[in-house]
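Chemist: Residue numbers (the numbering used here), protein chains in the order written: chain U, 55 to 326; chain G, 38 to 575; chain L, 9 to 327.
Hints in this document: simulated from the structure, not taken from any laboratory.
As the structure is a prediction and not an experimental result, all values here were calculated from the model.
Hints may contain errors.
To be verified - In silico DSSO-like links for lysine-lysine, alpha-carbon gap of 30 Å or less:
#1 G:Lys384 with U:Lys153
#2 G:Lys148 with L:Lys81
#3 U:Lys153 with G:Lys381
#4 G:Lys45 with G:Lys148
#5 G:Lys148 with G:Lys239
#6 G:Lys500 with G:Lys527
#7 U:Lys67 with L:Lys18
#8 G:Lys239 with G:Lys122
#9 G:Lys500 with G:Lys422
#10 G:Lys527 with L:Lys321
#11 G:Lys336 with G:Lys284
#12 L:Lys321 with G:Lys183
#13 L:Lys18 with L:Lys287
#14 L:Lys287 with L:Lys81
#15 G:Lys409 with G:Lys381
#16 G:Lys373 with G:Lys336
#17 G:Lys314 with G:Lys384
#18 G:Lys422 with U:Lys153
#19 G:Lys145 with L:Lys321
#20 G:Lys209 with G:Lys145
#21 G:Lys128 with G:Lys209
#22 G:Lys145 with G:Lys114
#23 U:Lys153 with G:Lys516
#24 G:Lys183 with G:Lys550
#25 U:Lys153 with G:Lys409
#26 G:Lys527 with G:Lys516
#27 G:Lys235 with G:Lys516
#28 U:Lys153 with L:Lys18
#29 G:Lys239 with G:Lys209
#30 G:Lys145 with G:Lys235
#31 G:Lys239 with G:Lys284
#32 G:Lys45 with G:Lys235
#33 G:Lys550 with G:Lys527
#34 L:Lys141 with G:Lys122
#35 G:Lys516 with G:Lys336
#36 G:Lys536 with G:Lys550
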Amino acid sequence: MLRLLRQAPLSAKIGIAIVFLNIFAAIFAPIIAPYEETSIVGDVWEVFSGKFYLGTDHIGRDLFTRMMFGARNTIILAFITTFLSFLVGSTLGFIAAVKGSWTDNILSRIIDIIMAFPTLIFALMILSVMGSSVPTLIFTIAILDSTRVYRLSRAVAMDIEVMEFVEAARLRGEGLWWLMRHEILPNAMPPLMAEFGLRFCFVFLFIASLSFLGLGLQPPLADWGGMVRENAGAITFGIYTPLIPAGAIALLTVGVNLIVDWFLHLSSGLHE
Amino acid sequence: MKNLLEIKNLYIEAYYDEQWQPIVRNINLHLKRGEVLGLIGESGAGKSTIGLAAMGFTRQGCRLASGSINLDGTEIKDASAAELKAIRGSKIAYVAQSAAASFNPSHKVIKQYAEAPVHHGLMGYEEAEEEAIELYRRLFLPTPEKIGYRYPHELSGGQLQRSMVAMAMSCKPDIIVFDEPTTALDVTTQIEVLAAVKEITKKMNKAALYITHDLAVVAQVAHRIMVLRNGRLVEEGETCELLENPKEKYTRELLNVRSTRQEKNNSDEMGIILNIKKVSATYTGQENVLDDIDLVVSKGQTVALVGESGSGKSTLARVITGLLPATRGSVTFLGKELPLQLRKREKEDLRRMQMIYQMPDTALNPRQTVRKVIGRPIEFYFGIKGREKDEKIRELLEKIELDPDSYINRMTTELSGGEKQRICIARALAAEPELIICDEVTSALDQLVAEGLLDLLQDLQNKTNVSYLFITHDLATVKAIADKIVIMLKGRIVEQGEKAEVLSPPHHEYTDKLLASVPEMDPNWLDNLLASRASAFI
Amino acid sequence: MKNVLILISKRSIASLLTLFIVSVIIFIGVELLPGDVAETVLGQSATPETVEAFRKELKLDLPPHTRYVAWLKGFVHGDFGNSLANGRPVFELIGWRLSNTLFLAFTTSLIAIPLAICLGMLAALYRNSLFDKFISITTLSFISFPEFFIAYILIAIFSVQLGIFPSLAVIEKHMSFGAKIYAILLPSLTLTCVVTAHMMRQTRAAIINVLASAYIEMAEIKGINRLRIIVHHAFPNSLSPVINVIAVNIAYLIVGVVIVEVVFVYPGLGQLLVDSVAKRDLPVVQASGLIFSFIFIFLNLAADVLSMLSNPKLRQSEI
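Build out the structure end to end from the sequences listed, making use of the hints.
Modeler: Have a look at this one:
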């Protein structure tokens with residue numbers, strides 16, 4: 055494992071560093087942050103200083119503190135959502151691939167219909183009906199996202215399912231659980247893990263976008279997308295405060311993508 | 038006469054395990070105009086690599102390390118990319134193993150024929166078209182004026198392969214490299230392509246490298262043969278000389294494989310274990326892929342199910358195992374009529390009928406160890422766990438002649454093709470079955486490995502009295518192992534009976550064609566066959 | 009060919025059915041709004057009389073299926089009801105917004121699609137070169153960035169620092185074509201970055217995937233040069249994935265640009281939807297949701313049909 059890391063290309067190392075930095079900030083936010091998450095400690099849009107490392111926001115809260123807590127809130131939310139989406143999506147995808155015939159048909163048609171909605175529009179409509187709360191947010195995005203996971207895991211499982219070792223297990227009389235857990239899952243892991251990284255990025259960006267539109271995490275909780283929205287007005291005055299949370303979002307997704315790229319390269323057998 | 042192609046002290050390296058390692062070592066080769074040189078060897082012998090190297094082409098991850106390749110005065114190894122492009126296709130051309138994959142599906146066959154000569158500036162498109170039609174005629178393609186204007190997927194495998202031979206000739210090259218041009222074909226279509234190859238090398242006086250793993254095939258076309266193994270030359274000689282007087286042990290082994298088994302006279306007396314009656318099956322719901330099949334397998338017997346691709350022989354295996362439920366008919370196993378669908382069958386019935394597949398690579402889960410692969414059926418069927426299970430696994434590994442200590446903990450991906458296939462046999466034996474269905478179990482393996490595997494199966498049958506239903510397209514294998522032969526064509530059984538009975542005349546017309554198409558080591562076999570077929574038409 | 013027609017008509021019927029189900033879901037979904045719609049919308053000013061009038065206005069007194077049929081009927085005839093927020097016909101509100109959204113999407117695709125395909129082919133041609141690595145890192149970044157990040161950076165550079173483009177994409181009915189193009193330049197540029205990156209990566213991957221085929225090796229062995237191999241041999245066989253990714257991106261340009269519209273305060277349909285969601289202006293939400301879904305489903309259908317037709321195995325000689 056360590057050897058693998060040492061041999062990783064520079065881009066992957068940068069990616070790993072970025073992701074670790076973010077996780078570190080998310081875990082230790084309350085310890086590192088100099089102020090409280092929601093307390094107003096200075097003037098509006100103060101510039102960088104020893105007191106406020108990244109300046110202050112539109113109502114005078116410390117931006118550095120808000121960034122730390124924002125990392126915590128957004129990353130944890132995105133991670134839970136992605137995890138849930140994978141749990142649902144890949145389980146259903148595997149079942150569809152192994153069972154085939156009408157099980158596959160019914161599941162796939164339902165997924166088709168959910169996928170026929172444009173994702174963002176669907177989320178907007180659900181959130182407008184249900185109102186935005188953390189559980190609704192997680193649930194809505196996980197459901198929407200699980201459709202993509204379903205498609206991929208079904209396709210991957212189908213490719214594995216036609217292999218003769220699965221047929222051999224079937225002929226032995228093995229049940230659904232064994233086929234999914236012992237024959238298909240271990241072989242589906244590499245593409246699924248890469249997909250997990252990509253889906254995490256997507257979910258993370260999606261939550262940020264919803265927050266940016268004012269439909270994600272609700273204030274005064276700190277989250278990066280919302281912070282961009284709150285400070286957006288500053289940009290026309292030449293104050294670049296909104297670029298900081300926006301840049302943080304960009305940095306984390308680039309980091310994850312760099313790792314995924316490396317991983318895909320590794321699991322494709324080092325050809326190219 | 039001057040040599041057209043001269044390769045001296047050639048080394049080719051491939052990059053694996055994080056370093057450059059030689060895969061072709063010290064090869065010397067020369068080829069004169071009108072001469073056909075056969076390169077023969079098992080997989081990994083480096084024969085294709087040498088063939089491609091003659092064109093200055095190496096596959097990704099390989100490089101020409103040292104030595105010289107002199108093509109009619111040009112040193113290929115030092116040639117620039119532009120020089121290589123000018124040479125490829127025009128001075129030396131290539132015929133690949135799979136025509137279906139080597140034709141671009143988006144363009145018509147004749148357009149692909151004309152591409153090289155037009156691109157190399159040798160002639161205009163219309164002229165190339167005319168020449169193509171003339172060549173198609175010479176290579177015995179049906180309706181030569183029209184066939185080029187079809188898309189590749191509209192041609193049969195044999196026709197495509199012959200169009201590819203024609204395409205290689207399009208720039209009138211001096212040398213053609215044939216890389217296993219008949220390996221993917223059925224025996225009866227193989228003849229057509231061999232005849233085309235012969236037409237070109239003999240009548241058009243072209244030099245050729247003919248690469249194959251099949252000695253009987255190369256004997257028909259080559260003047261000289263080089264036997265290769267692991268990238269090294271084993272032996273070289275004139276075809277007749279080499280076949281009659283092989284000097285090296287390895288060559289003798291290649292020549293001598295397939296010793297026929299001794300006859301057994303135990304057939305039906307031991308009792309019938311599998312009885313299939315009037316079975317029909319379909320994939321689409323319309324056309325029957327199997328029609329009215331009757332088949333009997335007796336205890337301790339090997340029944341060979343023979344047919345070419347598309348004959349329905351593998352489908353029959355799917356029907357017997359229940360993967361594809363028959364639409365009509367019955368399957369009786371050990372005196373009990375089985376439900377036609379797999380999921381309705383009882384565990385005990387599943388245990389008694391096991392299957393071994395063609396591709397050992399896909400038949401074993403790449404994420405499992407040998408212990409798990411063999412151990413699972415033991416645990417699943419007999420509920421044996423822990424140390425007792427381990428004992429059983431070791432016993433089975435010994436039965437398949439693999440050392441338990443060094444193999445039990447290996448991942449399946451760490452095994453060679455032959456070893457994998459042995460593990461598949463062990464997995465089947467672990468269930469202590471009465472019948473094993475073997476679906477083309479040797480066709481993905483090298484000749485000598487396959488021979489070892491057949492011996493093992495024979496040995497196991499003698500010890501355990503298990504029956505085999507042996508599905509194959511290879512008549513030589515059939516002759517070696519079968520007690521009974523069943524010949525299939527287009528979903529029907531055309532002939533069946535005891536081996537001696539089926540193999541000796543009078544045959545069914547199709548059986549006759551099938552038997553006659555199997556190449557023999559005699560270098561004159563193809564000429565005689567073509568002559569006799571030609572005279573049959575007159 | 010006959011089989012293909014059957015496949016295509018099957019696929020079209022499935023799309024129609026999906027559209028029907030989607031319309032039912034949108035209708036029911038909005039109906040499910042917690043609490044009484046009338047009271048929620050009217051809020052403080054709700055008296056029994058106003059609520060009653062409001063219910064009549066929304067035809068909430070009729071049974072659901074009757075209302076659904078009436079709604080759908082109205083929809084087909086271009087009558088989407090009236091907005092709750094300002095009482096104007098929804099059709100009027102949406103028509104102008106939709107044309108703006110389509111204008112932005114169309115302009116962007118005109119730049120982005122040819123650019124992406126050319127870059128994709130070049131990257132495949134010079135695979136593993138410095139150019140390829142540079143393009144790969146750049147596009148990876150553009151994919152990873154949230155759109156508002158790209159948008160704000162462009163604003164910071166082009167309108168705040170250089171002052172050459174407006175930071176707000178104000179667009180009016182009477183503006184000349186040139187003025188309109190000038191107004192939407194920054195949003196269009198933002199979108200171009202995002203979709204080009206995506207399409208280019210897919211084109212490159214599709215071509216490289218085909219480059220592993222035996223017929224490409226055959227062409228190389230025939231002495232054909234690399235550019236011709238990419239354009240003539242590889243590209244025609246990678247059409248199907250490329251068509252798909254183009255359709256996905258056009259769909260994205262129409263239904264996914266909400267963020268960019270909000271950043272540039274561009275009067276598109278997406279922004280209208282977000283506003284209406286915030287105001288709970290249900291007829292507008294329903295109508296724009298349905299229009300978006302319709303466009304989305306149609307583009308997916310078009311992509312599927314085109315990639316079915318682009319399968320080389322379907323080509324037939326005349327003889």
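Chemist: For each hint, tell me whether it holds in the structure or not.
Modeler: So, going through the hints one by one against the coordinates:
| no. | hint | in the structure |
| --- | --- | --- |
| 1 | G:Lys384 with U:Lys153 | holds (19 Å) |
| 2 | G:Lys148 with L:Lys81 | violated (55 Å) |
| 3 | U:Lys153 with G:Lys381 | holds (15 Å) |
| 4 | G:Lys45 with G:Lys148 | violated (37 Å) |
| 5 | G:Lys148 with G:Lys239 | holds (27 Å) |
| 6 | G:Lys500 with G:Lys527 | violated (36 Å) |
| 7 | U:Lys67 with L:Lys18 | violated (49 Å) |
| 8 | G:Lys239 with G:Lys122 | holds (28 Å) |
| 9 | G:Lys500 with G:Lys422 | holds (26 Å) |
| 10 | G:Lys527 with L:Lys321 | holds (24 Å) |
| 11 | G:Lys336 with G:Lys284 | violated (43 Å) |
| 12 | L:Lys321 with G:Lys183 | holds (19 Å) |
| 13 | L:Lys18 with L:Lys287 | violated (40 Å) |
| 14 | L:Lys287 with L:Lys81 | holds (25 Å) |
| 15 | G:Lys409 with G:Lys381 | holds (26 Å) |
| 16 | G:Lys373 with G:Lys336 | holds (15 Å) |
| 17 | G:Lys314 with G:Lys384 | holds (23 Å) |
| 18 | G:Lys422 with U:Lys153 | holds (29 Å) |
| 19 | G:Lys145 with L:Lys321 | holds (11 Å) |
| 20 | G:Lys209 with G:Lys145 | holds (21 Å) |
| 21 | G:Lys128 with G:Lys209 | holds (7 Å) |
| 22 | G:Lys145 with G:Lys114 | violated (34 Å) |
| 23 | U:Lys153 with G:Lys516 | violated (41 Å) |
| 24 | G:Lys183 with G:Lys550 | holds (28 Å) |
| 25 | U:Lys153 with G:Lys409 | holds (24 Å) |
| 26 | G:Lys527 with G:Lys516 | holds (22 Å) |
| 27 | G:Lys235 with G:Lys516 | holds (28 Å) |
| 28 | U:Lys153 with L:Lys18 | holds (24 Å) |
| 29 | G:Lys239 with G:Lys209 | holds (15 Å) |
| 30 | G:Lys145 with G:Lys235 | holds (26 Å) |
| 31 | G:Lys239 with G:Lys284 | holds (28 Å) |
| 32 | G:Lys45 with G:Lys235 | holds (28 Å) |
| 33 | G:Lys550 with G:Lys527 | holds (15 Å) |
| 34 | L:Lys141 with G:Lys122 | holds (27 Å) |
| 35 | G:Lys516 with G:Lys336 | holds (20 Å) |
| 36 | G:Lys536 with G:Lys550 | holds (17 Å) |
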